[in-house]
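Top to bottom, those sequences are chains X and W. Letter 501 of the first sequence, counting from 1, is numbered 501 in our numbering, and no numbers are missing. Add 1000 to the 1-based position in the second sequence for our numbering, that's all there is to it.
Think of the hints as simulated: they come from the structure by calculation, not from any bench. Mixed in with the good hints there might be a few duds.
Claimed, not checked - Part of the chain W face toward chain X, derived, beta carbon under 7 Å:
#  : residue
1  : Ala-1012
2  : Ile-1015
3  : Asp-1018
4  : Ser-1020
5  : Leu-1021
6  : Ser-1032
7  : Gly-1047
8  : Ala-1065
9  : Arg-1068
10 : Glu-1077
11 : Leu-1079
Said to hold, decoys possible - From the derived model, a few chain W residues whose C-beta atoms are all more than 12 Å from chain X:
#  : residue
12 : Met-1001
13 : Arg-1005
14 : Leu-1006
15 : Pro-1007
16 : His-1045
17 : Arg-1067
18 : His-1070
19 : Gln-1075
20 : Ser-1080
To be verified - So the derived label-pair ranges between C-beta atoms look like this:
#  : chain 1 : residue 1 : chain 2 : residue 2 : range
21 : W       : Phe-1011  : X       : Glu-52    : 31 to 39 Å
22 : X       : Val-403   : W       : Phe-1011  : 35 to 43 Å
23 : X       : Gly-389   : W       : Gln-1075  : 36 to 44 Å
24 : X       : Lys-210   : W       : Gln-1010  : 18 to 26 Å
25 : X       : Leu-211   : W       : Phe-1011  : 20 to 28 Å
26 : W       : Leu-1079  : X       : His-217   : 42 to 50 Å
27 : W       : Arg-1072  : X       : Arg-213   : 37 to 45 Å
28 : W       : Glu-1037  : X       : Leu-199   : 26 to 34 Å
29 : X       : Arg-453   : W       : Glu-1037  : 50 to 58 Å
30 : X       : Ser-209   : W       : Leu-1079  : 14 to 22 Å
For every residue, glycine included, the Cβ atom is placed at its ideal position computed from N, Cα and C.
Letter by letter, the chains look like this.
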Amino acid sequence: MSRHRTAALVGNPNAGKSALFNALTGARQKIANYPGVTVERKAGRLVLPSGEPVELTDLPGSYGLHATSPDEEVTRKVILGEFPGEAEPEVLVLVLDASNLEQHLVFALEVLELGRPTVIALNMVDLAERDGLVIDPAALESALGVPVIPTVAVRRKGLPELAAAIQAAEARAPEHHRPHVTLSERRLTANAIADGAILSETTRHRLHSKLDRLFLHPWIGPVILFGLLFVVFQAVFAWASPFADALEGAIGWISAQVVAVMPPGLLRDAITEGVLSGVGSVVVFLPQIVILFFFILVMESTGYMARAAFLMDRMMAYVGLSGRSFIPLLSSFACAIPGIMATRSISDPRDRLTTILIAPLMTCSARLPVYAVIIGAFIPNTKVGVGIGLQGLVLFALYVAGVVGAMAVALVLRRSVTKGAASGFIMEMPKYQFPRVKDLAIGLFQRAWIFLRRAGTIIFTVTVVLWILLSFPQAGEGENQVDVSIAGRMADVVAVVVEPIGFNRDMALALIPAMAAREVAVSSLATTYAVAADNEEEEAMALGDQLKSRWTLPMALAFLAWFVFAPQCLSTIAVARRETNGWVWPGFMLAYLFAMAYIAAGATYWTAVALGL
Amino acid sequence: MTLDRLPIGQFARIIAVDWSLLVDEEAQRLRSLGLEEGARVSVAHRGIFVGRDPLAITVGRMTVALRRAHARAMQVETLS
């Protein structure tokens, strides 16, 4: 008998489900999307005491079976067995926060009404004790009629007992349906059950209200938030460089080994000029992405992110959004894809659409390679003040341009395309928690892996295809390779369009493959100039020097301005299509962003020329 | 008195909610967080800038952030 056993974790947001999931399944998890929606489907393997494996899924946190967001919709459908292609979980594991029992019991009662095999994990009992709450699991068990297991995910407390209860629950015959009651009645029952189960309660001065007094302070709160954001971006650039340099060195070393081992020829060129210089120039940004996600994960897991949303809500309201949009937009500084996916927690559909449409304007890490190379080559490394360099200032200006652009677009959209009643902001502020190293590590590993897989598939394919298009047909005597190549001819066509904004043929050429991902612009410039090099000496020149000898300053600035706005990322467009269920909004996104990019690049170029730069 | 006018730290009970002032989904969300008739609440924090929006409300063992527009739909009576 090889029947696929299944179980699912269900509970309110902030019940500690993810930590429990990580503790139960370990690092080997499969993350995919539920078909048709971009809600993450997290599944892992739990081994029962009998040695039998169970596929455990971690369902999105939900306040009830009445869905008010796409996230909750998935949870509802999976629990009820209505999700197409998704088996109804055999056992439901209800995760309750012991320190917020009354609230979490409301949803638990609703799920128990279904009469399905259920076990309850009374999670975070340690935090409840810290708050002075002593709970009797036996009283809870007799009131609810299902097994209740006290757990502390982080200390692996109660995990074997929980696994045993899941195993036993499978044998239980489903109870006949309990009568359905209204939400208010359920809340009264929940309060009564909690009263009976709470043995003692000493009101201690809770740590988290003290922290809130600091972090939500009308004046100190925002100062802390912006200080923190400053540290984050500082760290992304400062901490990453030694790792990035090491990666770059390693790629160079591999390239040298290939050259030494392989005979000269097309295949060797394909590996060194195509694969290594192309993919390599993107992989070096892994450290920055990991550092940025580290901060985002820490802010999320400690509960600070909800406070940041609270502080930002008023500012977001000025452009017609809410504090909820702050989290997706902050994630978009790492990458618009997780950012757009994070919008699923926004319940207002117009708010959500607006946030999706402006997410690509946040300066994502894929733009960094482009910015870094161009700034490094064209902006002198001079000081303009104490501790402020001109290069850093230009980079900061590019980030600000993206944010200001996004806010302006949101303002316009909310008054035209996504017009409607001002959106609300209702959000539970989770308790402060210490981030768990293991959960952080798992989260970071998953993000890094997604990035590397992207580099290994999309970017790999695109650079190899570009190299082929650049290398064929082969140039005859006295001809320039790039000029005669297929890619060169394609670029001639694009060049006609971008010539008015100051772009030359090489830049036009870089824009074509960069449609796949922005960072490919760097690798394709590198590949182009490597192929175009007339001699070894020229080929060995750093990309920055190559650019300096071929571009003018206004051209470089226009190129930077272009990338602030241009929607050059296939994955983002694909995610936007999936999120909005159609091509209308991604089409709109492409059109308005390209228009902005064209205008911004043109304005930058002609202003710079007029100033005589 | 409506909830948005409640002084910080003062406990009160929600005695009536004008659900018609709220969008269905928001009403549903507020109810599922326990913000409905009979709930014991207090204002813990107010936002920055003009209007001091949003509000952080304590309800049960939770803190919930909401806008003044939501709080304005809730009639409260103060508790000693």
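Structure-based check of all given hints:
{"no.": "1", "hint": "Ala-1012", "verdict": "18 Å, violated"}
{"no.": "2", "hint": "Ile-1015", "verdict": "14 Å, violated"}
{"no.": "3", "hint": "Asp-1018", "verdict": "15 Å, violated"}
{"no.": "4", "hint": "Ser-1020", "verdict": "14 Å, violated"}
{"no.": "5", "hint": "Leu-1021", "verdict": "11 Å, violated"}
{"no.": "6", "hint": "Ser-1032", "verdict": "4 Å, holds"}
{"no.": "7", "hint": "Gly-1047", "verdict": "5 Å, holds"}
{"no.": "8", "hint": "Ala-1065", "verdict": "5 Å, holds"}
{"no.": "9", "hint": "Arg-1068", "verdict": "10 Å, violated"}
{"no.": "10", "hint": "Glu-1077", "verdict": "19 Å, violated"}
{"no.": "11", "hint": "Leu-1079", "verdict": "16 Å, violated"}
{"no.": "12", "hint": "Met-1001", "verdict": "21 Å, holds"}
{"no.": "13", "hint": "Arg-1005", "verdict": "18 Å, holds"}
{"no.": "14", "hint": "Leu-1006", "verdict": "17 Å, holds"}
{"no.": "15", "hint": "Pro-1007", "verdict": "15 Å, holds"}
{"no.": "16", "hint": "His-1045", "verdict": "4 Å, violated"}
{"no.": "17", "hint": "Arg-1067", "verdict": "5 Å, violated"}
{"no.": "18", "hint": "His-1070", "verdict": "6 Å, violated"}
{"no.": "19", "hint": "Gln-1075", "verdict": "17 Å, holds"}
{"no.": "20", "hint": "Ser-1080", "verdict": "17 Å, holds"}
{"no.": "21", "hint": "W:Phe-1011 to X:Glu-52: 31 to 39 Å", "verdict": "52 Å, violated"}
{"no.": "22", "hint": "X:Val-403 to W:Phe-1011: 35 to 43 Å", "verdict": "40 Å, holds"}
{"no.": "23", "hint": "X:Gly-389 to W:Gln-1075: 36 to 44 Å", "verdict": "57 Å, violated"}
{"no.": "24", "hint": "X:Lys-210 to W:Gln-1010: 18 to 26 Å", "verdict": "19 Å, holds"}
{"no.": "25", "hint": "X:Leu-211 to W:Phe-1011: 20 to 28 Å", "verdict": "21 Å, holds"}
{"no.": "26", "hint": "W:Leu-1079 to X:His-217: 42 to 50 Å", "verdict": "26 Å, violated"}
{"no.": "27", "hint": "W:Arg-1072 to X:Arg-213: 37 to 45 Å", "verdict": "25 Å, violated"}
{"no.": "28", "hint": "W:Glu-1037 to X:Leu-199: 26 to 34 Å", "verdict": "29 Å, holds"}
{"no.": "29", "hint": "X:Arg-453 to W:Glu-1037: 50 to 58 Å", "verdict": "51 Å, holds"}
{"no.": "30", "hint": "X:Ser-209 to W:Leu-1079: 14 to 22 Å", "verdict": "18 Å, holds"}
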